[in-house]
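Enquirer: Go ahead and model the full structure; you've got the sequences and the hints to work with.
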Amino acid sequence: MTKKISVLMSLFLVAGLGGTGCKKLLRKAKEKVESATSSSGSSSNSGSSAKKSGNSGGGYFADAAEIPGKFNAFFANAAVRPLEMVIYPGFVKAQIQDPKIPLNVDGYELRGDVERTGPVKFMGKAPSAKDLQRATFDLKEVDFAKLPKMIQEAPEKCEVPDGKVTHLIIKRPLPFSNKTSIRVYVNGERRDGNMEYNLDGTVRKVYK
Numbered sequence: 007m008t009k010k011i012s013v014l015m016s017l018f019l020v021a022g023l024g025g026t027g028c029k030k031l032l033r034k035a036k037e038k039v040e041s042a043t044s045s046s047g048s049s050s051n052s053g054s055s056a057k058k059s060g061n062s063g064g065g066y067f068a069d070a071a072e073i074p075g076k077f078n079a080f081f082a083n084a085a086v087r088p089l090e091m092v093i094y095p096g097f098v099k100a101q102i103q104d105p106k107i108p109l110n111v112d113g114y115e116l117r118g119d120v121e122r123t124g125p126v127k128f129m130g131k132a133p134s135a136k137d138l139q140r141a142t143f144d145l146k147e148v149d150f151a152k153l154p155k156m157i158q159e160a161p162e163k164c165e166v167p168d169g170k171v172t173h174l175i176i177k178r179p180l181p182f183s184n185k186t187s188i189r190v191y192v193n194g195e196r197r198d199g200n201m202e203y204n205l206d207g208t209v210r211k212v213y214k
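Sequential numbering of the sequence shown, starting at 7, is according to my numbering.
Incorrect hints may have been included.
As the list claims (entries may be wrong) - 16 Å max Cα-Cα, derived EDC-like pairs, lysine to aspartate or glutamate: (1) K155 / E202; (2) K99 / D112; (3) K214 / E165; (4) K99 / D119; (5) K136 / D104; (6) K155 / D69; (7) K214 / D168; (8) K177 / D144; (9) K214 / E202; (10) K214 / E159; (11) K177 / E90; (12) K214 / E195; (13) K99 / E115; (14) K185 / E147; (15) K185 / D206; (16) K152 / E202; (17) K99 / E121; (18) K177 / D206; (19) K211 / E165; (20) K211 / E162; (21) K185 / D137; (22) K185 / E202; (23) K76 / D149; (24) K146 / E90; (25) K146 / E72; (26) K185 / E90; (27) K76 / D144; (28) K152 / D206; (29) K76 / E115; (30) K185 / D149; (31) K177 / E202.
Think of the hints as simulated: they come from the structure by calculation, not from any bench.
Expert: Following this line, the structure appears as structure tokens:
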């Protein structure tokens with residue numbers, strides 16, 4: 007980019023001068039700009055191709071089986087009821103109801119080990135324990151072994167063949183439905199899409 011700007015500056019200076027020699031310099035400067043632009047385009051295309059390669063993303067996208075065990079161990083095998091769980095290739099974020107104080111929800115992050123990140127603050131009227139029981143889901147309901155297959159097939163089913171899965175969200179999508187779902191988000195160069203799955207791995211809805 008610095009090289010391209012330098013060449014453009016030369017063009018402006020040459021254009022302000024006159025004469026046959028200057029015209030030759032102008033022609034050479036134009037050729038340099040075209041060469042720099044071509045190189046920049048090739049580099050951009052290479053980055054684009056790298057972005058397209060592979061939909062698994064590795065990490066938890068390739069194997070999510072350890073996720074429930076990590077959270078169960080952290081909570082000493084008490085009931086783990088997330089309000090929401092967001093899964094990325096390298097880490098997991100979750101908002102989980104406190105099993106000891108059901109009115110409280112806290113944020114957690116899994117990066118090798120689970121750590122508490124802080125309390126979740128609700129806007130407006132705070133939900134009751136009954137509200138949270140209805141809004142959260144039991145982590146045992148989710149078959150994490152099915153997630154890699156969802157990630158692999160989502161771009162094609164969303165008709166975003168060049169797309170890459172960015173993250174998954176597991177939650178009970180109230181007030182639209184009280185059934186916990188897994189939403190897989192796909193990002194493409196020209197368009198995005200997402201898939202909504204039931205916990206058994208069957209497709210609930212495709213958003214194109």
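Enquirer: Each hint: holds or not?
Expert: Structure-based check of each hint:
1. Simply put, K155 and E202 have alpha-carbon atoms about 13 Å apart, close enough for the 16 Å limit, and the pair holds.
2. For the hint linking K99 to D112, the alpha-carbon distance of about 11 Å falls within 16 Å, and the restraint holds.
3. Distance hint between K214 and E165 is fulfilled; the C-alpha atoms sit about 7 Å from each other, no more than 16 Å.
4. Note on K99 and D119: the hinted pairing holds, with a Cα-Cα distance of about 12 Å set against a maximum of 16 Å.
5. For the hint pairing K136 with D104, the CA-to-CA distance comes to about 13 Å; that is within 16 Å, so the pair holds.
6. For a cut-off of 16 Å, the pair hint linking K155 to D69 stands: about 10 Å separates their Cα positions.
7. Annotation: proposed proximity of K214 to D168 holds, straight-line Cα distance about 14 Å (limit 16 Å).
8. Between the alpha carbons of K177 and D144 the distance comes to roughly 10 Å, so the proposed pair stays at or under 16 Å and holds.
9. As the CA atoms of K214 and E202 are separated by approximately 11 Å, the hinted pair is consistent with the 16 Å bound.
10. Restraint check for K214 and E159: the C-alpha separation of about 14 Å stays at or below 16 Å, so the hint holds.
11. Our distance criterion of 16 Å between C-alpha atoms is met by K177 and E90, whose separation comes to about 5 Å.
12. Simply put, K214 and E195 have alpha-carbon atoms about 14 Å apart, close enough for the 16 Å limit, and the pair holds.
13. With a C-alpha separation of about 5 Å, the suggested pairing of K99 with E115 holds against the 16 Å cut-off.
14. Our distance criterion of 16 Å between C-alpha atoms is met by K185 and E147, whose separation comes to about 11 Å.
15. This hinted pair checks out: K185 and D206 have alpha carbons roughly 12 Å apart, not beyond 16 Å.
16. Between K152 and E202 the alpha-carbon distance is near 13 Å, which keeps this suggested pair within the 16 Å criterion.
17. For the proposed pair K99 and E121, the alpha carbon gap of about 10 Å is at most 16 Å, so the pair holds.
18. As the CA atoms of K177 and D206 are separated by approximately 14 Å, the hinted pair is consistent with the 16 Å bound.
19. Taking the CA atoms of K211 and E165, the gap is near 13 Å; set against the 16 Å cutoff, the hint holds.
20. Only pairs whose Cα atoms come within 16 Å are accepted, and K211 paired with E162 is accepted, the gap being roughly 14 Å.
21. Straight-line distance between C-alpha atoms of K185 and D137 comes to about 15 Å, which keeps the hinted pair within the 16 Å bound.
22. Our distance criterion of 16 Å between C-alpha atoms is met by K185 and E202, whose separation comes to about 11 Å.
23. Proximity of K76 to D149 is assessed by CA-CA distance (about 15 Å); at most 16 Å being required, the pair is judged to hold.
24. Note on K146 and E90: the hinted pairing holds, with a Cα-Cα distance of about 14 Å set against a maximum of 16 Å.
25. Taking the CA atoms of K146 and E72, the gap is near 13 Å; set against the 16 Å cutoff, the hint holds.
26. A threshold of 16 Å between alpha carbons decides the hint, and for K185 with E90 the separation of about 13 Å falls inside it, so the pair holds.
27. Among the hinted pairs, K76 with D144 is consistent with the structure: their alpha-carbon atoms are about 15 Å apart, no more than 16 Å.
28. Our distance criterion of 16 Å between C-alpha atoms is met by K152 and D206, whose separation comes to about 8 Å.
29. Between K76 and E115 the CA atoms are separated by roughly 11 Å; this keeps the pair inside 16 Å, and the hint holds.
30. A distance of roughly 15 Å separates the Cα atoms of K185 and D149; the hinted pair therefore holds under the 16 Å criterion.
31. Taking the CA atoms of K177 and E202, the gap is near 11 Å; set against the 16 Å cutoff, the hint holds.
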